[in-house]
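A.B. asks: At position 14 of the sequence shown (counting the first as 1) the number is 14 in my numbering, and the numbers step up by one without a gap.
No lab work stands behind these hints, which were simulated from the structure alone.
Possibly wrong hints are sitting among the right ones.
[To be verified] With a straight-line cut-off of 20 Å between C-alpha atoms, the simulated SDA-like cross-links for lysine to any residue are:
no. : residue 1 : residue 2
1   : K125      : L44
2   : K190      : V77
3   : K97       : K125
4   : K5        : K55
5   : K5        : K36
6   : K2        : Y19
7   : K211      : I195
8   : K97       : L42
9   : K55       : L44
10  : K125      : L180
11  : K158      : H89
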Amino acid sequence: MKRSKVITLICAAIAIIIYTVGYFGMTGAEAMWFAKLTPFTLVLSAILLAITHGKISLKDVLIVLLAGAIGFGAEVVGVATGEVFGSYHYGESLGPKWFGVSLVIGLNWAILTYCTMVISSAISKNSWVKASMGAALMVAIDILIEPVAIQLDFWHWKGGGLPPMQNYLAWFVIAFLVHLIAQKIRPNMKNNFSIILFFIMVVFFSLLNFKV
C-alpha cells in the first residue's frame with residue numbers, strides 16, 4: 001500500500017475518533033464543556049488536512065489565507081451591520097473574538113472551502129460549475145450546522161430563532177466568489193482525506209440535529 005494511502009487512512013481514523021468523542025460529549029451532561037473544545041477540533045482537522053495534502057506550495061497557502069480572510073471579513077461586517085447574513089452575534093463556545101467574531105471562524109471558512117474545492121474538482125473541470133457546486137456544498141453543511149450552533153452557544157440570531165434566508169444566500173454568493181478566485185490560483189485541488197473529513201462533518205452535524 002502506498003505511503004499516501006496509509007497516511008490518509010490513519011488521519012481518517014483519527015478524525016473519526018475525534019468527531020465521535022465530540023458527538024457523545026455534545027449530547028451528554030457536559031455538552032457545553034465539549035462545545036468549547038470546538039476550536040481545538042477545527043485546528044486538529046486543519047492539521048490533518050495539511051498532513052494529507054502532501055507538498056504544500058505557496059499557492060496552497062494563499063488559497064487557505066484568502067478563504068479565511070474573506071470569510072472572516074464578511075463575518076465582521078455581518079456582525080457589525082446585520083446587513084450581510086442577517087442580525088446575529090457570537091456566543092462564548094468558539095473562543096476569543098476579534099471585532100465580535102470568533103477568531104476560529106476564519107479557519108472554518110478555510111477548511112470548508114478547501115474540502116468543497118477538492119470535491120467539486122473531482123466532479124467537474126468547468127470553473128463555474130465547480131464554484132457553484134463548492135458554494136452549494138458549503139451552504140448545505142451550514143444548514144446542518146445552524147440548529148446545533150444555536151443550541152451550543154456558537155452564535156445566536158436576532159429573535160432567538162433560526163437564520164433568515166438571507167444568511168444562506170450570502171453564504172452562497174461569498175463562497176462562490178471565493179471558489180472562483182481560488183480556482184484562478186489553483187484550478188484543481190486533490191486530497192482524498194478532505195472528502196472523508198467533509199463526509200464525517202456532514203454525518204456529525206446531521207446526527208447532532210437529532211440530539212441537541
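A.B. asks: Taking the hints in turn, state whether each one holds.
C.D. replies: For each hint, the structure was consulted:
Restraint check: the Cα-Cα separation between K125 and L44 comes to about 30 Å, which exceeds 20 Å; the hinted pair is violated. A C-alpha spacing of about 32 Å is found between K190 and V77, which places the hinted pair above 20 Å, so the restraint is violated. For the proposed pair K97 and K125, the alpha carbon gap of about 38 Å is over 20 Å, so the pair is violated. Of the pairs offered as hints, the one joining K5 and K55 holds, with about 15 Å between alpha carbons and a cut-off of 20 Å not exceeded.
Simply put, K5 and K36 have alpha-carbon atoms about 32 Å apart, too far for the 20 Å limit, and the pair is violated. Distance hint between K2 and Y19 is unfulfilled; the C-alpha atoms sit about 26 Å from each other, more than 20 Å. Using a Cα cut-off of 20 Å, the hinted pair K211 and I195 is violated, with the two alpha carbons roughly 25 Å apart. About 16 Å separates the Cα atoms of K97 and L42, which keeps this hinted pair within 20 Å; it holds.
With a C-alpha separation of about 19 Å, the suggested pair K55 and L44 falls inside the 20 Å cut-off, and the hint holds. Distance hint between K125 and L180 is fulfilled; the C-alpha atoms sit about 12 Å from each other, no more than 20 Å. The hinted pair formed by K158 and H89 meets the criterion: a straight-line CA distance of about 8 Å does not exceed 20 Å.
Checked against the numbered hints above, the structure violates hints 1, 2, 3, 5, 6, 7; every other hint is satisfied.
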